[in-house]
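Just so you know, the sequences run in chain order A, B, C and D.
Its first residue numbered 746, the first sequence is counted upward by one per residue in this note's numbering.
Its first residue numbered 746, the second sequence is counted upward by one per residue in this note's numbering.
Its first residue numbered 226, the third sequence is counted upward by one per residue in this note's numbering.
Its first residue numbered 226, the fourth sequence is counted upward by one per residue in this note's numbering.
Since the hints were made in silico from the structure, they are not lab data.
Owing to the predicted nature of the structure, the values given are computational and were not obtained by experimental measurement.
Among the hints, erroneous ones may be present.
Simulated restraints, written as ranges between beta carbons of each label pair [stated by the list, open to error]: (1) D:247 with B:763: 46 to 56 Å; (2) C:493 with A:747: 51 to 61 Å; (3) C:260 with D:273: 35 to 45 Å.
Here a beta-carbon is modelled for each residue, glycine too, at the ideal position from N, C-alpha and C.
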Amino acid sequence: MEYSPLVRKLFATLPRCGELTAGPGTTVAGEAMALERGAWVRLEARLEGGRLVDCAFRAWGCPHTLGAAAIAAERLVGWRVGTPAPVNAHALAALLAAPAEKLGRLLVVEDAMQALLQGASGLQLPVSAH
Amino acid sequence: MEYSPLVRKLFATLPRCGELTAGPGTTVAGEAMALERGAWVRLEARLEGGRLVDCAFRAWGCPHTLGAAAIAAERLVGWRVGTPAPVNAHALAALLAAPAEKLGRLLVVEDAMQALLQGASGLQLPVSAH
Amino acid sequence: MQRPTDQPIFLDHAASAPLEPRVAARMCECLRDPALQANPSSAHGPGRAAATIVAQARAQVAALIGAEPAAIVFTAGATESVNLAVLGTARAAPVGHRHVVTARTEHRAGLESCRELEREGYEITWLRPGSCGAVSPEQVGAALRPDTALVSLLHANNEIGVLQDIAAIAALCNERGVPLHADAAQSVGRIPVDVNALGVALLSFCAHKLGGPKGVGALYVRRRPRPALRPLVFGGGQEAGLRSGTLATHQLAGFGLACELAAQELPGEEPRVRALRERLWAGLEPAAPVWRNGAVEPSAPGILNVCFPGIEGESLLFALEGRLAAASGSACSSASAEPSYVLTAIGRSELAAQASLRLSLGRGTTAAEVDAAAVLLVAAVLRLRRAAPPTASERIA
Amino acid sequence: MQRPTDQPIFLDHAASAPLEPRVAARMCECLRDPALQANPSSAHGPGRAAATIVAQARAQVAALIGAEPAAIVFTAGATESVNLAVLGTARAAPVGHRHVVTARTEHRAGLESCRELEREGYEITWLRPGSCGAVSPEQVGAALRPDTALVSLLHANNEIGVLQDIAAIAALCNERGVPLHADAAQSVGRIPVDVNALGVALLSFCAHKLGGPKGVGALYVRRRPRPALRPLVFGGGQEAGLRSGTLATHQLAGFGLACELAAQELPGEEPRVRALRERLWAGLEPAAPVWRNGAVEPSAPGILNVCFPGIEGESLLFALEGRLAAASGSACSSASAEPSYVLTAIGRSELAAQASLRLSLGRGTTAAEVDAAAVLLVAAVLRLRRAAPPTASERIA
Ligand SMILES: Cc1ncc(COP(=O)(O)O)c(C=O)c1O
Ligand SMILES: Cc1ncc(COP(=O)(O)O)c(C=O)c1O
Chain A
746 MEYSPLVRKL FATLPRCGEL TAGPGTTVAG EAMALERGAW VRLEARLEGG RLVDCAFRAW
806 GCPHTLGAAA IAAERLVGWR VGTPAPVNAH ALAALLAAPA EKLGRLLVVE DAMQALLQGA
866 SGLQLPVSAH
Chain B
746 MEYSPLVRKL FATLPRCGEL TAGPGTTVAG EAMALERGAW VRLEARLEGG RLVDCAFRAW
806 GCPHTLGAAA IAAERLVGWR VGTPAPVNAH ALAALLAAPA EKLGRLLVVE DAMQALLQGA
866 SGLQLPVSAH
Chain C
226 MQRPTDQPIF LDHAASAPLE PRVAARMCEC LRDPALQANP SSAHGPGRAA ATIVAQARAQ
286 VAALIGAEPA AIVFTAGATE SVNLAVLGTA RAAPVGHRHV VTARTEHRAG LESCRELERE
346 GYEITWLRPG SCGAVSPEQV GAALRPDTAL VSLLHANNEI GVLQDIAAIA ALCNERGVPL
406 HADAAQSVGR IPVDVNALGV ALLSFCAHKL GGPKGVGALY VRRRPRPALR PLVFGGGQEA
466 GLRSGTLATH QLAGFGLACE LAAQELPGEE PRVRALRERL WAGLEPAAPV WRNGAVEPSA
526 PGILNVCFPG IEGESLLFAL EGRLAAASGS ACSSASAEPS YVLTAIGRSE LAAQASLRLS
586 LGRGTTAAEV DAAAVLLVAA VLRLRRAAPP TASERIA
Chain D
226 MQRPTDQPIF LDHAASAPLE PRVAARMCEC LRDPALQANP SSAHGPGRAA ATIVAQARAQ
286 VAALIGAEPA AIVFTAGATE SVNLAVLGTA RAAPVGHRHV VTARTEHRAG LESCRELERE
346 GYEITWLRPG SCGAVSPEQV GAALRPDTAL VSLLHANNEI GVLQDIAAIA ALCNERGVPL
406 HADAAQSVGR IPVDVNALGV ALLSFCAHKL GGPKGVGALY VRRRPRPALR PLVFGGGQEA
466 GLRSGTLATH QLAGFGLACE LAAQELPGEE PRVRALRERL WAGLEPAAPV WRNGAVEPSA
526 PGILNVCFPG IEGESLLFAL EGRLAAASGS ACSSASAEPS YVLTAIGRSE LAAQASLRLS
586 LGRGTTAAEV DAAAVLLVAA VLRLRRAAPP TASERIA
């Protein structure tokens with residue numbers, strides 16, 4: 746398996762892997778698991794004022810999966826309720842120069858992100874509707 | 746193919762190969778040819794007073810055949826009419842340490858010798874019968 | 226052979242062991258000697274000089290397994306040996322003998338040659354070993370039939386190292402007149418192997434697992450009674466007609482010397498490597514949970530197959546990249562993401578199989594390397610576990 | 226490579242050519258490099274380093290015959306390549322296609338694999354070449370049938386050197402959709418060989434005839450249209466599943482370099498060797514009567530097959546022993562006393578065949594050697610002629 750420099754860098758440092766920093770706001774999480782596909786991703790974020798102010802991931806999977814989860818966590822920071830998802834599986838694949846057979850796993854990352862965004866939107870909606 | 750020291754020596758020197766030396770007496774010859782077996786042997790000898798006093802061979806065949814023909818020629822010198830052949834194929838095979846598959850060719854040498862001895866005996870018989 | 230410091234710790238001896246430096250020297254001598262360049266089948270002097278080297282090699286190879294030199298057929302490797310044994314025996318079997326017994330945990334050489342026999346109309350009994358990894362003599366005995374043409378089994382499993390009880394199985398087979406083939410590529414040169422004590426009709430092995438060169442192997446074919454064999458390759462009639470093709474003098478010289486050296490060093494090496502393997506296992510404890518795949522003993526000394534539940538295999542290998550060379554599954558399939566069929570056949574889940582690593586030690590392996598490898602592995606596993614969702618170690622097992 | 230003075234003049238390059246010293250050096254480098262010891266199928270760094278060497282070798286080997294690297298299947302030698310081509314294509318042919326065309330003058334690898342097909346129920350058309358030694362495209366065209374699965378022919382004959390018109394034969398075969406296999410073991414590296422210009426579907430060759438190591442060969446398998454092939458050996462799935470078994474890095478490195486060097490040197494070597502062969506032939510004139518077996522041209526440059534009527538072959542070889550290494554018939558059969566089936570097939574009598582010698586020249590051959598060889602041969606022939614009964618030269622011819 747060949748890994749792009751970005752995959753190598755993300756795998757070596759695993760940025761945003763682990764726990765959220767403490768802080769105000771609500772914690773939302775999104776998780777997707779497809780063990781048979783080789784990926785399980787959990788994203789957590791802190792939502793404050795309709796904006797994700799921190800994000801962390803945990804993942805089980807190949808280096809591309811871990812790298813994609815790290816990018817997703819990074820891009821989620823700053824996301825505002827009501828705006829489109831900051832990234833999707835195809836974009837992640839392009840960023841990581843992932844081979845085609847890895848797309849299934851990157852979709853698991855996308856699913857986890859969507860789950861988190863939906864959760865965040867659901868939490869936030871009544872507030873902003875007022 | 747492995748060759749015994751005697752085969753090597755005889756092949757290198759081919760003693761008694763070629764023409765008879767000039768001299769008194771009668772020339773007798775014996776020849777046997779079995780090209781399909783890989784041997785063709787011609788023996789010539791000078792017969793004087795019921796005794797072979799010189800012998801020479803020519804042969805086409807493998808080194809064992811040539812060596813056997815040389816031994817036969819050597820042994821024939823001194824042979825007296827009425828005595829047994831001085832050597833046979835099995836004895837030649839033993840002397841030369843020839844492998845079993847060579848016996849057929851050595852029998853050709855024996856055949857040539859027998860032909861010569863019969864010729865010599867035929868020539869001589871009327872004389873000694875007187 | 227000095228390992229340069231930029232080279233990873235090599236724990237993949239089961240895939241291929243480094244060439245023994247004395248073997249390399251001997252091979253280079255052969256390659257360079259102007260008097261040894263001829264075809265060993267040629268009748269002239271240079272040909273006979275090469276043939277002498279071949280004969281010496283045959284004697285050395287035969288001696289390692291207690292065989293007569295005339296019982297050795299040289300091949301291009303264990304794969305070819307196994308195929309010649311399996312396809313050759315089955316295709317030469319008496320009419321109506323179209324049943325073969327083997328196991329699901331065989332090396333792919335045995336597995337795929339049996340699959341080929343299936344395509345040719347043979348019936349295969351695929352034995353499934355217990356979680357220890359070995360099939361029992363009783364299983365084999367129960368599978369034998371009047372039309373059984375061959376039993377073919379690994380001696381030491383190439384992924385988990387477990388030994389099968391070939392001697393007991395051979396006793397059953399010999400009683401029934403069924404030839405037994407053992408694939409001993411992972412045992413010859415690593416533990417004592419004696420074909421007469423084992424009682425096998427056929428035994429496959431190769432040079433590159435025991436310090437010899439890649440691309441050369443041998444099939445032992447018992448002389449009395451001699452199993453009938455149909456060649457795979459036809460031509461000049463070398464190797465008593467069983468394997469045509471110009472013999473590779475330098476390869477055989479290397480194989481022969483490697484066998485001689487292995488025989489000499491085996492009494493010391495076997496316990497040394499076995500102890501290092503256990504030291505490595507002990508060193509992995511801080512990475513708990515960590516499981517051992519297959520029975521601990523009886524086994525080839527150098528193979529440790531471990532499962533790190535909660536860990537994804539590709540990430541583990543990547544975490545070790547450049548520092549530790551090991552295999553997930555066997556060499557030939559480790560490039561693919563398929564879980565090991567050996568581990569699933571002995572009852573591991575697909576996820577546990579993917580979370581497993583084969584660490585294989587050999588002649589060059591040192592205690593320092595083993596300790597360093599354990600440290601690397603523990604660090605990588607703990608880091609990946611921390612990165613994974615909290616319950617991964619339970620879910621992924 | 227300096228030939229020590231106690232070594233005979235080597236005129237048996239067709240049996241096996243001495244290893245090119247630069248190839249030996251490269252192989253020894255590979256054998257000794259600690260970074261190149263892993264299995265080239267292993268996914269880790271050391272495995273990939275070995276795989277890089279293999280990929281380079283594949284490109285070098287492919288380049289020599291104008292092929293894409295992916296069209297090369299590495300084998301253990303030309304015998305295996307020929308068997309894979311012949312048995313593999315016939316066994317993979319569509320149902321009902323059980324007819325194969327070949328010639329009586331093939332190398333035993335081709336001959337015996339076709340005989341094996343006969344045992345498997347295939348029908349073989351055995352073409353008989355004219356006294357030139359080559360079958361004509363017309364003969365092949367007339368033999369083709371709707372159920373023909375394969376045509377398999379030598380490019381250069383290994384005993385007499387004559388070239389068959391593979392390009393014209395391929396044109397006929399391609400028109401009819403019949404795959405053509407050429408055994409080019411004696412032509413690749415000695416004359417320009419381009420698979421596209423030839424139009425073959427399959428082409429066999431090996432390293433040790435062109436300055437590379439023994440024990441490694443290649444089968445070119447055309448990509449478009451790709452002939453269907455059934456493997457001989459099953460296992461790890463190397464070589465796109467066509468030939469399983471661990472690849473021998475050092476052997477392939479040697480094969481690759483030998484191909485590269487052969488390609489570089491061919492433009493000079495081919496005419497040089499051809500001229501030396503004619504010089505040798507001219508030097509034999511004092512031994513008249515002496516005949517040349519097979520057509521002079523077109524031919525591989527290094528093979529001169531001569532008949533010395535009246536001379537027994539074994540004695541001739543023995544007379545030269547230790548001074549000149551040559552073959553009566555081909556290497557693999559020269560140990561036996563059988564007359565060459567190639568020479569009898571082209572119309573020589575058994576006796577004339579037994580009175581024949583194959584003198585094969587190669588890269589190392591010098592003019593001085595050729596001259597010395599001619600002197601030795603003339604002396605030996607004249608001596609044996611004098612020892613033979615007077616009419617031997619007429620009877621034994
Ligand atoms: C048990 C076993 N059998 C057969 C083989 C095949 O050996 P080779 O690749 O040298 O043909 C191997 C090694 O890959 C092996 O471990
Ligand atoms: C024309 C031809 N084909 C095939 C072969 C077989 O080559 P190898 O013995 O390397 O398998 C040879 C050489 O012996 C040959 O000359």
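Here's how the hints hold up against the structure:
Under the hint 46 to 56 Å, the C-beta atoms of residue 247 (chain D) and residue 763 (chain B), about 52 Å apart, fit the expected range. Look at residue 493 (chain C) against residue 747 (chain A): about 41 Å separates their beta carbons, and that is not inside 51 to 61 Å. At roughly 38 Å, the beta carbons of residue 260 (chain C) and residue 273 (chain D) sit within the given window of 35 to 45 Å.
Taken one by one, the earlier hints fail for this structure only at number 2.
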